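Trainee: Each chain is listed here by its residues.
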Amino acid sequence: MSTPTLAPPPPAPARLPPPPKRRPGEKVIEAALLACGLLSILITVSIVVIVLTGTAEFVVNPAISDRLLACAALFGVGTTAGVAALRRRRRAEAGGLFALAALAALVAAALVRSAPFAVNPFFSLKAFLFGTDDPNEEVILQRFGIVSYLCGTLLVAVIAALVALPLGLTAAIYLSEYAGPRTRNVVKPTLELLAGIPTVVYGYFALTTVTPFLALFVPGLNQPFNQLAGGVVVGVMILPLVASLSEDAIRAVPRALREGSYALGANQFETSVRVVVPAALSGILASFVLALSRAVGETMAVTLACGAKPQLTLDPREGLATMTSFIVNKTQGDVRYGTPDFNSLYAMAAVLFFLTLSMNFFAQWVLRRYRQVYQ
Amino acid sequence: VSTASPVGAAPTPRTRLSDLLSGAADTGYRAFAVRAALVLTCALTADLLAAAAVRWLALPGGLDKLGFLAVCGGFGAAVTAVFQKGAEASTRLLTGSFNAAFYALTAVVLLALCPGEEDLAVGVAVHAAALAVLLPLAFNVSRPLTTRAFATFAFAATYFGLAMLVVFFTSIAVKVSDWFRAMPALVEKENRKLREKAENQYSAAVWDKTAEMLRDFAPEVKQFGPPRRWYRQRSTWPADTLKEWDETRAGQFKDLEIKGQEWRLEAEKLVRPEPTPAHLVKHFLTERPGDKPAQAGIMPALVGSLYIGLLTVLFALPLGVGAAVFLEEYQQNNRLARFIQVNINNLAGVPSIIYGILGAAVFVDALFKRLHSEYYWIADRNLLAGGLTLALLTLPVVIVSAQEAIRAVPSSLRHAALALGATRWQTIWRVVLPASLPGVLTGIILAVSRALGEAAPLVMFGAILYTSDPPGLFSRFSVLPMQIYYWTGLAEPGWLDNAAMASAVLVGLVLVLNGFAIWYRHRMAQKVRW
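Residue numbers (the numbering used here), protein chains in the order written: chain F, 1 to 375; chain P, 1 to 530.
Just so you know, these hints were derived from the structure itself, not from any lab. Since the structure is predicted, the reported quantities are computational estimates derived from the model, not experimental observations. Here a beta-carbon is modelled for each residue, glycine too, at the ideal position from N, C-alpha and C. Be a bit skeptical, because a hint or two may be false.
Said to hold, decoys possible - Which bits of chain P does chain F cover? Going by a derived footprint, with three or more residues having C-beta under 8 Å, they are:
id, segment
1, 165-175
2, 279-287
3, 340-346
4, 391-405
5, 442-455
6, 501-509
If we strip away everything but chain F, and leave its shape as in the complex, we get (with noise of 0.2 Å):
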């Protein structure tokens, strides 16, 4: 199941003839449609909305507001910027400053989340900047900090990009360079179904199968819960996607440039590795991200696989929780709704909505920037 955000944008229609007449439904059917269109940025609107007051509540609860402001001025200046940029048709600096207001959203969310640490007598920048306390254990101190949360999130990510970037980019040169058109309509549908299974069932597979396996090869693997597992699962499950999207971005390399290349003496690997990739690399690197945003927001495996321990190392033997585990045990265990304890899970989430959107921003601007417009 490839997720169709990389299509290219429509080529433009060959405009209509004007329609001949209108009937009186017309307009109303439009106007419908339209609301169906306005729908998405209903949602995303209420997205926003519903996490930045969930996190204001987190905040203004142990009583602090001029922080708040602040944070609300820089999500409000950094979002101007990209919303002035956009309407300047500059499309590389609108995506740039796109990028740079939902990264000042973030950093708004992250002040938000430890703002009550802020107020904090012995507050200093470099405690702020790499606080490591525990929300669970923290909060009656009044002091927060989402960096071990962070660690999690990132190392399941990199191992998921370790197993699944290079195998699905080659993975995705073989498809398109290498096997006949028989073996591509059988192993590329294939494949998706890999993308198909839901999250779960691979969180249960990391946890009884995947975990057991590694225990045989890696000494000092925490069981059962470890970050391992939960990456080569992440990276199972994202691999068709790169291997897919890629695959896509491969195949709309012309035939002429291939050609050419076998033309200058250019043998199949390098034909492949120096000439096609390069020409797909917007696509290739768009894929990418879009995997890595998905391994970021991948919630049931990881809960599963990593176990629900907020730690700060590096280590993947280790169990750590990470982001979207510490959304689901804060909503799973005995938490009273409303507390700061809470309402902590929507700064979480915050966080996480803005750092998957500004990764999906970068994709679509790296598909922008660097495509390649052939004949």
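Following the hints, position chain P against chain F.
Mentor: Using the frame of chain F, we list chain P on its own:
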């Protein structure tokens, strides 16, 4: 990783440093030596810089590796950027990111292996040396060997995915066969327990009555202590007492025996017949999730999942197709339409758990919680809210696939319809949509199969793990992925086997849908030729 200038570039008369480093000039030992020396220097510098930075910041354990990652990665990227000034931007981006990743990851892996202070120097040296050997080697292998090696690796990479699929299915199959093997014994045990319970109940009742009769029969029994002791010493009773007792006793236990028979029959009703595989599966599919692995079934979860799939189609299909029609047929390519398009693309990448937060806030807190207090029969976290949430989650997928399908309809069809005097809406409704139906259907099937497999958004709804009734539209509910999550979280062998069985059901369901969609798309792609 190739960092060469495009194939066919004229050979440069003088070998420049950048060519040596990037591998554009790839002959001779001199180039190799120079490259090795350069990489060694760069790696050493990077490591020392990173070590200095980390030491200066005095980061806590774990974060020091993060610092190494950042500094080494950045340095690797910078070095690549500097030495490949002439190359294409895309090539620089690719090699830069690969170099950065390679630098940083080897640094972290090596440092993870040498945690101590004095080991740090060793780690840095090993890292630099490894880089110095590995990076130039990557450019210096002979041409046919590289080609062959790459072809093999690419082949292996492709079939690695398929192998993982096979491993996955095998592992599920093994667990399911475990379930089939373990379950009969568990069922027998349960049966035995049920029968024993009935027997115990009967004998306890018999004894109660006997004790009561004993008390009436011989008040002096108290001097022997509890009746049980006296009764046990029946052999020492005088003969006439014993005879009298038997007479008293005769006929008194008739109704109790009838009752015991009833108990046994009741137990027999609960006792499951001989656990053949077919019976086990039937039981698993039609029973409620009880509190014992042997008795548990997935009926409410299965029904909930089917409902969710249905609701997803119901809500996502009209909205998604409507949005797609608007974007493809009505949009004037204006700012609004472009913004909607970008927004949809981004929504497709939002993590599913965020949709759960959205659903919990909008449908549960804002809507059904209020209705719940007014109409008691509407639960706050009900099936409808779950279905709506998953419809929102799958909406972008539906929209984009419907857009692609509509885009694939050639404009000649539209022109022909318009030329015949149809209005725009008539054209869309009678020509474009029927022509794009296969693509739209494929998209919705994939969306449903995704909705069936999603548990993360529904986690936000909380506490829906224990339902035992098949859900109605406004009642609390459970779905298969949640059931699997719950059972897996219990982490006991019996429950894990049950989770495997439920996984098999879920995977079967999803794969049938996915397979159908893929087959249908393939068939239509062959059939339709515009």
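Trainee: Hint numbers the structure violates, sorted upward?
Mentor: 2
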